[in-house]
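Engineer: This is what each chain is made of:
There are 2 protein chains.
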Amino acid sequence: MSSLQNVGRSLARCAAQNVARRRNIQSVRCQSTAASVNVQPVEDEPAAPMVKTPIPGPRSKELLKDLESIQNSEAVQFFVDYDRSHGNYITDVDDNVLLDLYTQIASIPIGYNHPNLLAAMQKPENLGHFINRPALAVFPPKDWAEKLRNTLLTVAPPGMAEVQTMACGACSVEHAQKALFIEYKARQRGGAPPTEEELTSCLMNQAPGNPDLSILSFKGAFHGRTMGALALTHSKAIHKLDFPAPDWPTASFPQLRYPLEDFVQENRAEEDRCLAEVRDLIEKYQKKGRSVVGICVEPIQCEGGDNHATAYFFQGLQDIARENTIGLMFDEVQTGCAASGKFWAHEHWNLREPPDIVSFAKKMLTGGFYYRQNYRPQQGFRIFNTWVGDPAKVTLLEEVVKVIQSQNLVANMANLGAYLQQGLKDAQTKFPGVVKNARGLGTLCSIDFNNSATRDKALLALRGKGIHVGSCGDVSIRLRPTLIFQKKHADLFFDCFDSVLSSFK
Amino acid sequence: MSSLQNVGRSLARCAAQNVARRRNIQSVRCQSTAASVNVQPVEDEPAAPMVKTPIPGPRSKELLKDLESIQNSEAVQFFVDYDRSHGNYITDVDDNVLLDLYTQIASIPIGYNHPNLLAAMQKPENLGHFINRPALAVFPPKDWAEKLRNTLLTVAPPGMAEVQTMACGACSVEHAQKALFIEYKARQRGGAPPTEEELTSCLMNQAPGNPDLSILSFKGAFHGRTMGALALTHSKAIHKLDFPAPDWPTASFPQLRYPLEDFVQENRAEEDRCLAEVRDLIEKYQKKGRSVVGICVEPIQCEGGDNHATAYFFQGLQDIARENTIGLMFDEVQTGCAASGKFWAHEHWNLREPPDIVSFAKKMLTGGFYYRQNYRPQQGFRIFNTWVGDPAKVTLLEEVVKVIQSQNLVANMANLGAYLQQGLKDAQTKFPGVVKNARGLGTLCSIDFNNSATRDKALLALRGKGIHVGSCGDVSIRLRPTLIFQKKHADLFFDCFDSVLSSFK
Chain A
-15 MSSLQNVGRS LARCAAQNVA RRRNIQSVRC QSTAASVNVQ PVEDEPAAPM VKTPIPGPRS
45 KELLKDLESI QNSEAVQFFV DYDRSHGNYI TDVDDNVLLD LYTQIASIPI GYNHPNLLAA
105 MQKPENLGHF INRPALAVFP PKDWAEKLRN TLLTVAPPGM AEVQTMACGA CSVEHAQKAL
165 FIEYKARQRG GAPPTEEELT SCLMNQAPGN PDLSILSFKG AFHGRTMGAL ALTHSKAIHK
225 LDFPAPDWPT ASFPQLRYPL EDFVQENRAE EDRCLAEVRD LIEKYQKKGR SVVGICVEPI
285 QCEGGDNHAT AYFFQGLQDI ARENTIGLMF DEVQTGCAAS GKFWAHEHWN LREPPDIVSF
345 AKKMLTGGFY YRQNYRPQQG FRIFNTWVGD PAKVTLLEEV VKVIQSQNLV ANMANLGAYL
405 QQGLKDAQTK FPGVVKNARG LGTLCSIDFN NSATRDKALL ALRGKGIHVG SCGDVSIRLR
465 PTLIFQKKHA DLFFDCFDSV LSSFK
Chain B
-15 MSSLQNVGRS LARCAAQNVA RRRNIQSVRC QSTAASVNVQ PVEDEPAAPM VKTPIPGPRS
45 KELLKDLESI QNSEAVQFFV DYDRSHGNYI TDVDDNVLLD LYTQIASIPI GYNHPNLLAA
105 MQKPENLGHF INRPALAVFP PKDWAEKLRN TLLTVAPPGM AEVQTMACGA CSVEHAQKAL
165 FIEYKARQRG GAPPTEEELT SCLMNQAPGN PDLSILSFKG AFHGRTMGAL ALTHSKAIHK
225 LDFPAPDWPT ASFPQLRYPL EDFVQENRAE EDRCLAEVRD LIEKYQKKGR SVVGICVEPI
285 QCEGGDNHAT AYFFQGLQDI ARENTIGLMF DEVQTGCAAS GKFWAHEHWN LREPPDIVSF
345 AKKMLTGGFY YRQNYRPQQG FRIFNTWVGD PAKVTLLEEV VKVIQSQNLV ANMANLGAYL
405 QQGLKDAQTK FPGVVKNARG LGTLCSIDFN NSATRDKALL ALRGKGIHVG SCGDVSIRLR
465 PTLIFQKKHA DLFFDCFDSV LSSFK
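Just so you know, the sequences run in chain order A and B.
For the first sequence, the numbering used here gives the first residue as -15, with consecutive numbering after it.
For the second sequence, the numbering used here gives the first residue as -15, with consecutive numbering after it.
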């Protein structure tokens, strides 16, 4: 073990030296609005990664064997000592300390063991929220409206003033879909109540009570793994194989060419092609008696490979939705909560009006969705279940929102995003045969390798150096840092990335 | 307010006197295994209900108006001061103190503010579980297998040794359904990998990758409100109206006549009729190219009206599943966790072998499902999402399981269940024109009124006396007490119930 410790120490030393060097060279990059940002580092956050064993290490392997006796555990990468993870660093059970740019699949907002969250847990007035979980839509706690106002409404997308909580991302998308169907049918009825035939047929999964309607989604999309959310998901076969699925329209999502500035015309043509396909599919499905009630889209297709589109495309989608009087829903489960450099990624598109629905989860700690007023169901018990979310999570979100606001972390993400994107572009300039298509929106950054095997090798090599990033699509790595990510962390990443790419040359 | 307070005080006094009287009369009933039960009362639990205002009171109405500005809040009954709710009593924001026999739609296991849960929240070693929510299937915490073993596996249904956690009830049912489809298709393939055509077609919601398969469910069933779970749900139109639904088979659930001992032959014929319908539907759907991969059933149809069936029926379902080599899934989201007088309600049926899948949530605090070994997916990432549950909830469940075991609360539920059932039968004997069909399995008890209007009136009258019960189906009230419910609470309920029924005579 002591030789491994030496390797770890020498890695850390080397990283620190490189950081110092890099800082001198590139300190100009990230100062645009730096003055207003005030990131408070988390106490006990390590200064550098420290890798002592191969990952997963012996202790992780032992625990994995144990867990395998209880459930399929093939997805496990390593076991974590969360008590010893701090800020941007995650510590595994073999004492390996990694700089975490993946953050539990983009779901840790302000780092591990943030002092404000620890403090919130120790306030006696908060304890009740954690141990008395209510049936929230029937017996809400006294401070529920206030809590929603202090959290979800404080950070609501511009022009949106209503919100429904849910327990997880997939449930959020499922119930957002229901809001689309409810609004569409209510409009069709023009204020009339449902017919007796509708009320009885729906109990047997039959029309007209269960109408043959659809929602349009995109190739490469990921929206969740329950039946309705999965009907909109088209990123990987392993998510979908063997499950019945409705025949709903699936349009092409733009495949942009990079660097964007060199392919303006081609990318515009590609986005026009996709928009035309959306129009055609809406018409086609209406003709075949399965009308489209809404369009569901991610601001960035994350799971599908960090596929971006421009403001032009999203504005075009909104135009199509308006022309057809159907809903436009942004699924911001992964892109929301400041990571893009604006609180919601769709704020980057300068849309003519707010979207109809915005779903969220992950870094927001609670699931749920915002909706425009006409998507409020007119009856109770339609968007409903026992828990419909969890005040415990909203209690934690309250602290997260305070930290985001007081430390100006949205601006931090804008600054760091620009810095990360520039660093990735530098990397592809330096290693042209190895990486390409550097892209990002704020810190939601990624870069492609030439093939899956090289990408996977790079990911493991980075991990061996104490840098934990995620993969997505077939050939991409994605960066999903915390909101308290700082330039020093970015520099550490780039030094290791440079070293890994050099070894691939 | 002071006259209202007087009303409240006098109500409480009257209830206490009645309890004393009742105790003398009926103390014989509930002693079968009482010696082994050791329910520790929750400190600060009130001695009796105290109703000061109409419910919802002025403060609830004010808060409702506020919440209505954020979301449709039609389902809200009243706002709760959870900090001031203790044990079996819930206190609303107007200082009304209610004996709670509905317990957040059957989801509070050991009462409000249980000292062991409060203590668990204050243990420093637990805090990390609450603020560092992991992507559990990829980066589990070091003690995850141990935690599963101390909780879900300790109380696993006989013959079941594997478990998958999920965030909520609907997600649990959704992913349990996926396990049924995965197993069925894997068996069909006989070990061969999926074809290229399957892998590509499934990305576009098309066969053969998304095969036309189905799951059989029952009229009156409730399994959740996401698209897959909703496809199995047939209890109320408001749950289903306007949403697309697959044409899956829906069989009749037995409509038993009460008292059971007077209708043995008729009920057997009714259950045979339903079983025959299940057989017919499986054959019919196979013929139309939509084979049934499993049967999903609640041990008691709770939401649908507390509809019971006998062991004969459930044994018959298992026989049919075996004959057709398809799965049998018990959805125990509401019936699980000791309330039936056994830990799992299906344990009452003396099944020939364990069920294939058992789903849970509510009082278990975490969602999830148990499955037999052949329902373990052979690949990772198939039953998967970002959170797949929450170690924070399992940390609380650990304390709940300890309390259940140390205080022998399963036996408590068996005892109290017998007591409640007898009390309901006494009520229907005393008020033959008002209530009927007293029934129950452990404390999962209910009774019918002659019509919805009378039932609703009774529910409000009970609430006016400080007794909070739930409704279900069209004409039933259901009792869903905590696991620390005691004879004194039952006596309070029966006194008020008697008084309400007397007023209806």
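A few of these clues could be false.
Given that identical chains are not distinguished, each listed pair holds provided it fits within a single copy or across any two copies.
The list that follows gives simulated cross-link-like pairs (lysine-lysine, BS3-like), each with its CA atoms no further than 25 Å apart [claimed, not checked]: (1) Lys220 / Lys169; (2) Lys472 / Lys169; (3) Lys449 / Lys126; (4) Lys126 / Lys45; (5) Lys489 / Lys449; (6) Lys220 / Lys271; (7) Lys49 / Lys126; (8) Lys449 / Lys131; (9) Lys272 / Lys414; (10) Lys45 / Lys131; (11) Lys107 / Lys472.
If you are wondering where the hints come from, they were derived from the structure by calculation, not from laboratory data.
In this text, all values refer to a predicted model and were calculated from it rather than measured experimentally.
Engineer: Hint by hint, note whether the structure agrees.
Structural biologist: Here is how each hint holds up against the structure:
Taking CA atoms no more than 25 Å apart as the test, Lys220 paired with Lys169 passes between copies only; the shortest distance there is 18 Å, against 32 Å inside one copy. Proximity of Lys472 to Lys169 under the C-alpha cut-off of 25 Å is found in neither arrangement, the shortest distances being 53 Å within a copy and 50 Å between copies. Proximity of Lys449 to Lys126 under the C-alpha cut-off of 25 Å is restricted to the inter-copy arrangement: shortest distance 22 Å between copies versus 49 Å within a copy. For the homomeric pair Lys126 and Lys45, the shortest alpha-carbon distance between copies (11 Å) is at most 25 Å, but the shortest distance inside one copy (47 Å) is not.
Proximity of Lys489 and Lys449 under a CA criterion of 25 Å is satisfied intra-copy only: 18 Å inside one chain copy versus 79 Å between copies. Taking the closest pair of Cα atoms, Lys220 and Lys271 never come within 25 Å of each other, the shortest separation being 29 Å inside a single copy and 31 Å across copies. With identical chains, the CA atoms of Lys49 and Lys126 are at most 25 Å apart between copies only, with a shortest distance of 13 Å across copies and 46 Å within one. Taking the shortest Cα distances, Lys449 and Lys131 never come within 25 Å of each other, neither inside one copy (42 Å) nor across copies (31 Å).
When the C-alpha separation of Lys272 and Lys414 is checked against a cutoff of 25 Å, the pair qualifies neither within a copy, at 52 Å, nor between copies, at 60 Å. In the homo-oligomer, the alpha carbons of Lys45 and Lys131 lie at most 25 Å apart only across protomers (17 Å), although the nearest pairing inside one protomer, at 42 Å, exceeds that limit. Proximity of Lys107 and Lys472 under a CA criterion of 25 Å is satisfied in neither setting, with 33 Å inside one chain copy and 34 Å between copies.
Taken one by one, the earlier hints fail for this structure at numbers 2, 6, 8, 9, 11, listed in ascending order.
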